[in-house]
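Spelled out, the chains give:
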Amino acid sequence: MFVDLSTIGLVWPEFILILIAAWIYVGGTLAPGRTTWNVLAWSTYLVVFLVMLKNERALWHDVAAGLVAINGPLIVDYLGQVSRYGCLLLGLLITMIASRAGAERLATEVSGTIMMLVAGLMLVCRANELVFLFVALELISVPTYVLLFLGRADRASGEATVKYFFLSLIASAMLLYGMSTLYGVADGTTVISGTAEVPGIRGALDRLPAGHTSLFLIGWVMVVCGLGFKIAAVPFHFYAPDVYEGTTNINAGLLAVAPKVAGILALIRLVLAVVPADAAWGWPLMWVLAMLTMTWGNVCALWQQNLRRLMAFSSVAHAGYMLIGFTVALVAPAAGGVGATLLYLTVYALAGLGVFAALAYLSDERHEVDGVAELAGLARSHPWVAGALAFCLFSLAGIPPLAGFWGKLALFTGAVRVVLAGDGGVSSWLLVLAVTGVLNAVIAAAYYLRVIGVMYFTAPVTRVAAPGGMGAMLGTLACTLLVLVLSVWPGLAFRMADAADPLLRQARPAVVAAWRMEASAAFAHDGDLAGRWQKGGD
Amino acid sequence: MCGLLAQITVSHYLVVGAVLFVTGVLCMATKRNALGVLMGIELLLNGANVNFVAFGSKLLRADALGLDGQLIPLFVIVLAAAEAAVALAIALNFYNNHTTVDVDKAEELKG
Amino acid sequence: MDEILNILMILVPALPLAAAVLVAALGPRMLRARSHWPVVAALIGSCLASLVLLWHVWRQPSGYERVATYWTWALVPDAYAGESGTQSVDSRIDVPPGTATPADSARLAGSSPRARDFAVDITLRLDALTGIMLAMVTFVSLLVAIYSIGYMHGDRGYWRFFTYIALFVFSMTMLVSVSNFVLLFVFWEAVGVCSYLLIGFWYEKPAAAAAGMKAFLVNRVGDFGFMLGVFLIWTTYGTLNYHDTPAPVRDTVAASAAPVGGGEAAEIVPGVLGSQRIATGAYVGGGTGLAICLLLLLGACGKSAQFPLHVWLPDAMEGPTPVSALIHAATMVTAGVYMVARCTPLFTASPDGQLVVAAIGTFTALLAALIALTQFDLKRVLAYSTISQLGYMFLGLGTGTLAGISAGMFHLVTHAFFKALLFLGAGSVMHAMGNVIDMRQFGGLRRVMPRTFWTFLIGCLALSGIAPLSGFWSKDAILASVHARVEVLEHELVRRQGAAEPDADPAHGSAGAVELSADQLGRGAWAYRLMYITALITAFLTSVYTFRMLYLTFFGAQRIPAEAGGRAHESPGLMVWPLLILAGCAAVAGMVLDQSYWNGTHPFAALLAGTPSLTGAVASTEALGAFHIDIAAVSLLVAVAGVACASWLYLGDRRTVHRLRAVMDLEGWAPAGGRANLLRLAQRPGVRGWNQWMERMRLGWLMHLLVELVLLLALILSVPLLLCRFMSPYRLSYGKFFLDELYWGLVVQPLRGIAWLCSVLDDFFVDGIVNALGRLPAHLGTILRSTQTGLVQFYALAMILGGLMLLVLVDQQLVSRVGAWLAAIMAGCGAW
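Keeping their order, the protein sequence lines are chains U, W and D.
Add 5 to the 1-based position in the first sequence for our numbering, that's all there is to it.
Add 35 to the 1-based position in the second sequence for our numbering, that's all there is to it.
Just so we're aligned: 519 in our numbering is position 534 of the third sequence, and the numbers increase by one with no gaps anywhere.
None of these hints come from the bench; they were simulated from the model.
Since this is a predicted model, take the numbers as computed values, not measurements.
Ideal placement from N, C-alpha and C gives every residue a C-beta, glycine not left out.
Please note: incorrect hints may appear among the correct ones.
Pulled a few chain D residues facing chain U out of the computed Cβ check, cut under 10 Å [said to hold, decoys possible]:
no., residue
1, R673
2, Q677
3, V777
4, G787
Generate coordinates for the entire structure from the input sequences, incorporating the hints supplied.
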């Protein structure tokens, strides 16, 4: 483990978040109240966001000057930096949506816990080290247990909490077991080594004598299992429907987004990073997972009457789509599979959160919106919410030209590109994958459209109250607006996702350099920084 | 004693770790009591911990680097303690609603 | 300054869009009868911005263009593979001799075969052509919007109307300012949608709904051609941008060779209409070029209502009259003209394509003028007149000379003024007559609506081409350009015949950018001469039907239909002021924009000639703006003759008209050859006597045979005459040459038959298979759902076992290896 002061200097935003979270915990017991602490939480996210943005230039100057280790415990690259802003945005949105969640006296616990979780997410974004990754993932899991526990005090909620807790712990244990094996094989905890004296896990396979890969493979698969739970991949998805159904809409939204973001990023940082480019054993695993996950999720969602259960299976299915990108990346690192997955993850996170935010707006402590039928006639009673909900659902279904469509397009074209370029064996498997993906998108449209149909073409049964508060409404609109921006401006998202793709960067550094120049304009204002960015990235 | 130690390699520790892991799985799958299940999970975590310690031990491997192998289990133990604290709260909540801590009573959400 | 220009360029379309969104959001609840405010305000802003832009272009030197890229809308990497092997695109391009140096070709060739992205940037352009169109569109829209405040007052869909209008102005301004064929197509469709919505604005009326549908469907045919044309441009040129675009560095080899982070290494993709391509003249001629031209022309025919796709425009008059004035006379229907003018370099590369453009234009002009002669619906007469005038514009564009193109565009602008004026005047009449539009039901409105009458008269004079109103100058310019084209072609022909070998000096007497063969020259000269004569005839017909319409409406005995309810009156000020302004424009625009008759300058043509795609592409720039007194005299004479003819027919009592109609309807011709007539002939004394003599000679059977033969012959001979009864010139014109019926029988009915067949097949075969497949996921779902038992321990086991299976999948030897490993450990333990 290699820690120095500069590494600590890199994690100050996470430190601040945890400090403020602690302050919110303590302060909440002294001066209970909702509004004050919520405002504090929001402003913390905003201030951290802005200060990070301001310091970005200085950071890259330091990287260029060699003052910061790029491949230390924390990896410093475009993906890590950009996704941290995304995490902050996610935290802001979730806090906003949950601004009226739970009992008044527990309000500070909710916002403080969410802040802890966001800090964990931000750490995962850059983790390049086994312990770091594990602790960061636990920093997401433990607050999630607490949030589930705080959600509601009834039978269903208790059951959901117990299920999530135990299954998540098992997943963590599997992850840890896998990590222990990887550690043993590699003699070190750093994933991608920056220096010669610290061996990286990435290079471990090269050092192993031929035919001694079994131990490595056990570790690798166990890690995939542990992280598969986070993204709810089949067969680690069983918890999702039960837990989503049992808990509140807000918690379900959190579960649908936060662990998935963490899981995908951790998969990129650890699982994909350690696979050598010519390994023939990597992609079949992802292929099987992707096929199983998307098909299983979609066909099960067809029958669901409970909205959260439906969304749970849909989130399983979306994990399957994202695994297509990983499969492509493992077959051909230069095909941009990881970039497509990141794009899809962004789109899914925003649209999924938008759906749950709209449901949260329609619910409160006393009554959660559960059944699809409860949305009947929503278009007439709450046209804006219905519109936003329909928009997000359309996007999830991948109706062109909405953001979800661009995401699916990126994933499928990635697969097709490999098919067109590649040789016989692998190509046909990927073709099957792409075709199954398209078929699944068709199946998925059926249940999304069913919900939209109920909202727009059915007479209302009961009057739907909207006690969720302005925060949830604002969250809904913000998510919808962001999806809209991604829909009309997919070019930017494509470029940023490609620039963030670490595999693509290794495979085709020059290609990314040109794009990254444009994307880095978001941070840097002068031209020379782009060059340093380029040097710093590798 | 020395001879005995010389025969013990990392592999033997790995077997212990694997046995712990499998025991944990079996415990978790057979125990109904929530606390029993929790114990099973502790066994899983400790199986991994044994691996870490074994891999990092200078006695077993001359080429092991640093203290990582010893430090990681410390982290894990602390985390496990934190999780146990949450687990108690969750179990209590479950008991309040179900008047039992048998996890096989948690079967209302399905389908 | 650059920033301001960029903002102005985006502001012109953005303001109407914002107004549309605002009115759509607030119209039904809050704005209601005030819905026009945002739209009118936005249009004023747009109009001012356009005028500033036009002024800016005017001050710049010739060849000015400004391209502003706002963001990338869509991107498909490596979409264009280029040519395989060493053959480059250029080797297929006929480079005109003398215009391209080898170095130019080499540069272009070097950049062509590289793989390229398919990128659609939201890019707006500003040059003379766009500036003129923007100013015209926003100005007329503003006036029509103001007029509509009065005209649509009290309508249930008031806010809807203004939303659509604002949306239309947004689409139209985008259409003329985008710099990419994909976006051109997008907004081409968008104006079509607005047109569809506005034609069917009163959707409760079945006729309006049907007319909207018809317009949409007929336009689809054209759009299909347009789309194919765009595809063909993509495969031929490898880009769809008008302008030259710096290509992103894609190739690894190229990128590693180039300095990282440097922008100067980026190569330039020459745009389809970019300065680089125009300078080198790298356009594809031959079959491909002709195909591109014809496909684009098909699109233009749909949008600009040219034969054979003109049938939708007269029906489109079911929409509110301001819509007819704005969309179906002044702006949207000129999109085709704009597009052909924009793509001039493509057409210049294919002289045959140009000839087709001119021929279609001329034929449409004549056809529509003939139909307009006999229609009684005031707005339909104007609609056919619009079609006819659009035909003139295409004729101008089809000459392929700079003079011709600028004449066509000039006619576009003046036509926008006077045709909008005429339509708004017709709307004013309609408004006063209680929505009656049949000219047989009213008359003599001169006294009732004096201001409408005078402005309408100005419009009629302009449309007929009476000097010095605007229509005269522009129509004269078109005729002059056609005539000049004929002369150039004939001169060239004579020169070729005189010289033994083709002259190597292309600067002198060149008929265009592309060298024509003698065959093409002869055909062109002949065709353009025919077109010139046809255009003159059409000019005569134009003034006849124009004044027929004027006389029927405003002269004669005063008749007011019952629908007016005795409240026939002049329209309110809000409707009259736009009329007056447009009348002013229609009267003086020609003189202001074309001053060739007194100082030899032609400001409009000079400005338009500054458009980059026109300056470089069209070689023959001689005689630009020259005033041809002879042609002007002829056309004026023809126009005056037409007015005189109409006056003779329609002023005073209209017996002459009825007699003329009877003649044209071939009344009394058909019975000439009937069986009864022949039998009556047999009763004539002389014939009967001969007949009786034959009877007496026992040769009666011969006589009967003879009579029957004659009768049979007569019957056969009379078939065309009988047909004439239904197809007399008058009936052909009145029935619009039965083109609608023809399309109905030849296109619509067969398609319906096929559709029926398909639906039967679909119901029985396809649906069965699809339903069977569609149930599959649902059944699978019920099976998989049963795994969701709700038992947490089952889930845990499933996770662990699932992980184990994945492990086995990844490492197939694992099972045996672990077994061996365990055995070894056991053995070790045992030994110990």
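Hints versus structure:
| no. | hint | in the structure |
| --- | --- | --- |
| 1 | R673 | violated (85 Å) |
| 2 | Q677 | violated (89 Å) |
| 3 | V777 | holds (5 Å) |
| 4 | G787 | holds (3 Å) |
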